[in-house]
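Chains as they are written, first to last, in the working numbering: chain A, 7 to 366; chain B, 12 to 402; chain C, 394 to 685; chain D, 169 to 422; chain E, 6 to 249.
Because the hints were derived from the structure by calculation, they are not lab data.
Misleading hints may appear alongside valid ones.
In silico EDC-like links for lysine to aspartate or glutamate, alpha-carbon gap of 20 Å or less [to be verified]:
hint	chain 1	residue 1	chain 2	residue 2
1	D	LYS190	E	GLU149
2	C	LYS426	A	ASP122
3	B	LYS172	B	GLU189
Each chain is listed here by its residues.
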Amino acid sequence: MRSVRGIGQARAAVFFAVLAMLPAFNLAHWVLNMLVFTLMYAVMASAWNLLGGFAGYPSLGHAAFFGVGAYAVTLWFQHHGIHSGYEPFFLLPVIGIGAAIVGLPIAAIAMRTRSDVFAIVTITLLFVAQTLAFNLRSITGGAQGASIAIPPFSAATFERPFYDVLLVLLAVAMGLTWASMRSKVGLSLAAVRADEDKAAGIGVRVQAVKLLAFCVSVGLTAMVGAVWAYYVGFIYPQFAIDPLITIAIVLMTFLGGRATLWGPVIGAFILELAQQYFAYSLGGSQYYLIAYALVFLVVMLLMPRGIVPSIQERLRHRRRRRVVDAPTSTGGAAQPVRAEAASMTRRPFTPVPYAEGDRA
Amino acid sequence: ASKGGGSATGPSGGAPGKALVIGASVSLTGDFSDSGKAVQRGYQLWADTMNAKGGILGRKVQLKIVNDASSPSQVVTNYQNLINKDHVDLTFGPFSTLLTIPASQVAKRYGYAFLAPAGGGPKVFAQKLNNFFFVQPAPTTQSGDVFAAYILSLPADQRPKTAAYAELDDPFAAPIAENIRQKFEAAGIKTVYKQVYPSETADLSPVMGAIAAKHPDVIVGGTQNQDAYGQIKSLVQLKFSPKFMFQSNGANSPLEYPDKVGRANTEGVISAADWFPGSTAAGSADFTAVYIKKYGGTAQSVDDSSAEAYATGQLIEAVAAKTHKIDNATIISSLHSGSWPTLLGNLSWSSDGAPNGEFNLVQWQKGKLVPIYPASVSQATPEAPKPNWGG
Amino acid sequence: MHALIQGIILGILTAGVYALMASGQTLIFGIMKVVNLAQGAMVILGAYLAFQLFTSFGIDPFLAIPITTVALFVVGVLVQLLFLRPLRSDDRSELSLLVTFAVALLLEGIMSVIWSTSDRSINTHYANSSWTVFGYQITLVRLWAFLLSLFALGLLYLLLNRTRFGRAIRASVQNPESATLLGVQSERVSAIGFGLGAATAAAAGSVYGLLYPFNSGSHYDLISRLLSIVILGGLGSVGGAVIGALVISVSSAIVASAISPIWSEMTFFIVLLLVLLVRPRGLFGTAARGAI
Amino acid sequence: MSEPILVLRSVVAGYGAGDILKGVDLEVQPATVTCLIGPNGAGKSTVLKCVSGLLRPRQGSVTYRGDVIDPLSTRKRLSRGIVHVPQDRSLFPAMTVWDNLLMGGYAMKDQKEVRRRVEQAADTFPICRQRAHDHAGSLSGGEQKQVELARTLVLDPGLVLLDEPSIGLDPKSRTQVFASIRGLAEQGITVLLVEQNARSGLAASDIGAVLETGIVRLVDSGASLLTNPEVARLYLGGHATPAAATAATSAPGR
Amino acid sequence: MTTALLEVANVSRRFGSVRALQDASLTVERNSITALIGPNGSGKTTMFNVITGYLPADSGTIRFDGHDVTRAKPAILYRRGLSRTFQQARVFGHLTVQENLVVAGGFSVAQLFGRRVGRQDRERAAALLVEFRLSHVADLYASELSYGQRKLLEFAAVLMSQPKLVMLDEPTAGVNPVMIETMEQHIRQLHASGITFLIVEHDMNFVMRLCDPVVVLDQGHEIFTGAPDAVQSNPAVLDAYLGA
Ligand SMILES: Nc1ncnc2c1ncn2[C@@H]1O[C@H](COP(=O)(O)OP(=O)(O)OP(=O)(O)O)[C@@H](O)[C@H]1O
Ligand SMILES: Nc1ncnc2c1ncn2[C@@H]1O[C@H](COP(=O)(O)OP(=O)(O)OP(=O)(O)O)[C@@H](O)[C@H]1O
Ligand SMILES: [Mg+2]
Ligand SMILES: [Mg+2]
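Can you make the complete structure from the sequences, with help from the hints?
Structure (structure tokens):
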């Protein structure tokens, strides 16, 4: 058990060390640019996983909070100057917490519904948010969009600050995921996911953990939205609050494996890189969508539960072989039973000798 | 290691004989795909023409066109890749108009000139990027002003009394109609109905139904593509035909428009265009000829988006001819001074990249799109009032 | 007032088109518990097929329906057999969401290769015809679509509720193990069921193509609407699909004509939200006893 | 004694990894009731699944009427007359009770005959008629069990596999069910029964078999198993008085 | 404190045309083991659901431990000290058997951030798992258990918390007789420590051995309340439930 955990921590350390060192290798801008987008999705998929994976509430409305973050940072800096270029990043925690607070009443209402209905309710919220962004012109600029100051970073290292901030966010998202998995929060979320009514009836803090998962999840998403807006420089309602963003996040999480620590990250690295690569190299030729869809379908067919769970299942089976071979029985030190009519016994009765301590 | 950083002259200062690679991201899928493809045709046609002439300054022109699927993230990635991965020499703009801003910022970062044949909304110019040039005669939102000028030039008894406005909520549609409305209202044309509709509106029947109920003399549509078709279809079904029907966009698409609304229903519809068949502007005849040769059809079937794209190339050609250089810095500094002839007419820009010219008014007459105003370009008399729908 | 009534009439007729599209969705989603995000793409595929038959052979889009229906039936069966069957039963309904989305992308990609991404529309001579009744316009194509959808929905209802096949398909979803024990070949039945759902998309496609210009990406707009209709009406309720479509189309039309189209989308979403918060199972969904 | 109708030979089976059945040998005589008892998790239900085809054995063979049926699908086995009533809720919860009964005859070609038999089955269990148009899932636990049993009667099977038919039944219905199980055997139908309610189960059976940790430990007549004190102590509980119960429970597992 | 622990007064509940409970009343005295019996479909489970807040009653009142809990939700009732099992065992399939027990242990909001399965949790769970012969499957997912093992797990889970009233819905169905005796022993132990039980059961031997008083429900209404031996001789009960 201990050694397994050690491996897990080592894995995480190596992963983040490699990612942190990558830019030092003087990577080309286009590579860093691709990694910036990949990290964005990795953070969002991890965040979504807290709610959609662990709690079993498949939100399709996360893009609304992405938009909340994007608009928050854009509108704030329409009235406040950007000098060093890092100001928007300092605002991130505020945006995250703000989005979480905005999310609280929404969660309280929306989470009265379950599974598919919850999915539809949240996607509905997304469209409502989008409509508001379009129509509250005086605040958002409506369809005309809104611009944020161009980051005053030098062209040579333009992507670095974004990359670093996103890496920190990913560490936070994965750290929170990990912490929840090994605490009773994770246990309670799993119970909620399996059978919420029963969980409520046996004293699980259903409401508390649900709301917690929702708020953390949307808070992280909003922070990514803010970074995105700053990076792209200009936002319109249809792109800042885009159902396709949610769909991409969900696809990544499912592909990598729901309710796992690494699944969403792996999913994001595969799908976002595939998307960026195919869209660029095959984009002109219409085959891009086909290639992208096939990557996804093939992985899903080979690993129907997503990558990480499929691998875990295989490992588990190997471990289980040992477990099942242990004896099951009613009796403790049972004496051999003599059948009254021995002639009718078709098989000699020899109870397995075992002691209580044998049980694993 | 990254080469593109800051040194725009690096890759473009290459020796003659090495191909001149021009990169562009356009929307080949999604809502803007019709126009996106027209842009692609224009770029390609110009490149072919140049190569037939032996290239620019002895360098063959090679295009690299990628798809952005209408996503701002993808457009950023695309220009990053074009500039830093493929090290293209020059960049042309996207068609997906909403994507121009993020794309122009990337180009600016690496010192690339950014010539965009589409996407000239006010916010683009508000960025005040000196590398940006909008290759049309006027900023998009002013493209309908010529319609207002025409209507107000009519004698009082022919002038419409009431107007209805149906505007797509899009930075490049609604403002055009709004500009017209201001001019109309100032001239005493009563607004009986005004409606902005969101871009996902699949069904324009409720809006057009409300307009039909008001019987306005003129309908001004601030439109893109789909909704322009939808407006006409609904009006036909509602059997209401106004005296003047103006649509800022969509109706100026010679191939798609009759196909989508039915040829019989195009008669009399007015739109704005910068290029029109039979234009006498610089290179227009050549362009028309090679277009027909390559893609078939008639001069009527040429989309003005193709012409705008072609004009983008013409500018490069003109700068090269004048300066004998073909790097980004030269292009930027050259275009900022003087006036440059293209098939859209002579173009010149303010420092923010906004062009200083005017559009032309075109009308559908007997299945053809002909220029009717201003008099300098007019090839036919305006058909007014518009006849009834063909059904 | 006139505009309002005209708006309502249009709303009702448009509802017919959406009900037709949603009927297959109800079948697949409500009965088979597969959230088919490819339904929209299938409608568009149906539209393209009708377009092709019309432009190449001059076959009227309504008459083309039997042909396109068969074609989409085959597509549906293939999708089920190739992509959905391998999913495990315990998380099938969730994973199906993703697999069918990928199928939608795949179809979109294939359609854009075949027909390119330009807008298409089917321009029959009657495409824009309408009747004037008491000064109100009734569009012919919409009226036909409305009747066609009632017919298709009726047929589906009978098939699902009154036939041996219908029972088998419901059974194999509700309790696959038990259905197997009773001799139901679940895979075959599900494939046919999915095929039928897809087949309704063919009929809807013809109508859609007559009413609106479409391109390979048009399915995105359709799918959220279809899902909403199905959920609003209550999963698996064929009648619910009609009512759901009516509520959505008419409320949008009323707000669009009386207030502004800007808020019409929003109204519809708010109606949906309210209904779901009050009745999480939709208007006509029945509450299951579950495990209590 | 005649040829056994069903023979399991060294059947090894399991789910995923690990074997649950570790070489099960069992013979079932025609037109008798055989009762399988054993602790929870011993693999009793797994045995039935191997016979009906829900689970493929990894080793060993299942022979029915002289033919090895391992390669056959569930459907083929059904058509040969093997009917399995599983332990967990096996109704279709969102279908009406009547549709559930009709599903019982799904494998039969003649739909008229199916209707006739459904009527007959509904006579035996009146709940079917009382609640014919309600969703089966809305019924109480015991009511559902009754509908499940009624559904079995729609087919005419050669071998019935009953997995704990008495779960959730009230004493009256339980008596009735055990009586009808005997009735089946008298009609010439073979029954393989799993029961935790072992006393009633064995009392209604000709043969009893004890399954433990995936192995058949003992096979004997139902009556003699009931009177075997060791069997009683290990598997039947057998203590009517509270005092004795306390004493007995402290013995095993301590 | 002379009031009964649980008082159900004149509760009715209908589903469409089915009257599952009709004016039913029931009292559970403190520290009793009350049995609730009745034929299939007589409304026992519905009574449980109404008491524990899983279903709202159409009319009638329910008082628990001196509070009116007629409209209370399950979570509130749990906090007041009421714990139950389900007729169709409801275990968390995605959790391991051990985790199923831990999650039922009850913990405060502050404890949420503690270890998922702490040492104490593990020890408490392990003792129960041994007794119910589930130790060897402790690390399997609950969805991989046999029917009877699930019933045992659910029963064991109830023992993890410290309720005032435990309501068991057919706890012995599908459970091996030897295990039933273990259950019985636990119930007696807890009873001795002051916990009250309300048990729905069809196993009459079990009821007779363990319970007093016995309440008989028929067609949604209680027809008898009394000592176990009186039940067996009551003609109404014989007719409705036990069979002649
Ligand atoms: N679907 C499954 N996946 C994995 N393991 C399973 C599955 N079903 C049963 N098992 C395991 O197989 C063993 C035997 O299960 P089975 O259902 O055959 O027991 P049983 O003898 O019928 O018990 P009971 O009397 O409780 O019904 C159990 O230990 C259980 O954990
Ligand atoms: N959700 C529901 N919808 C419709 N009818 C229901 C519902 N729940 C219970 N009933 C009906 O109410 C009656 C009482 O059911 P309940 O489950 O309380 O019975 P029970 O006494 O627990 O029976 P059993 O001993 O069989 O478990 C039954 O006739 C049942 O069919
Ligand atoms: Mg079993
Ligand atoms: Mg019950």
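Inset, instruction - Please work out if LYS172 (chain B) and GLU189 (chain B) have their alpha carbons no farther apart than 20 Å. - result: holds, 17 Å
Legend entry - Given pair status - GLU149 (chain E), LYS190 (chain D), alpha carbons within 20 Å: holds, 18 Å
Inset, instruction - Given the hint that LYS426 (chain C) pairs with ASP122 (chain A), test it: the Cα-Cα distance must not exceed 20 Å. - result: Holds, because 10 Å separates the two Cα atoms, which is no more than 20 Å.
In terms of the numbered hints stated before, the structure departs from none.
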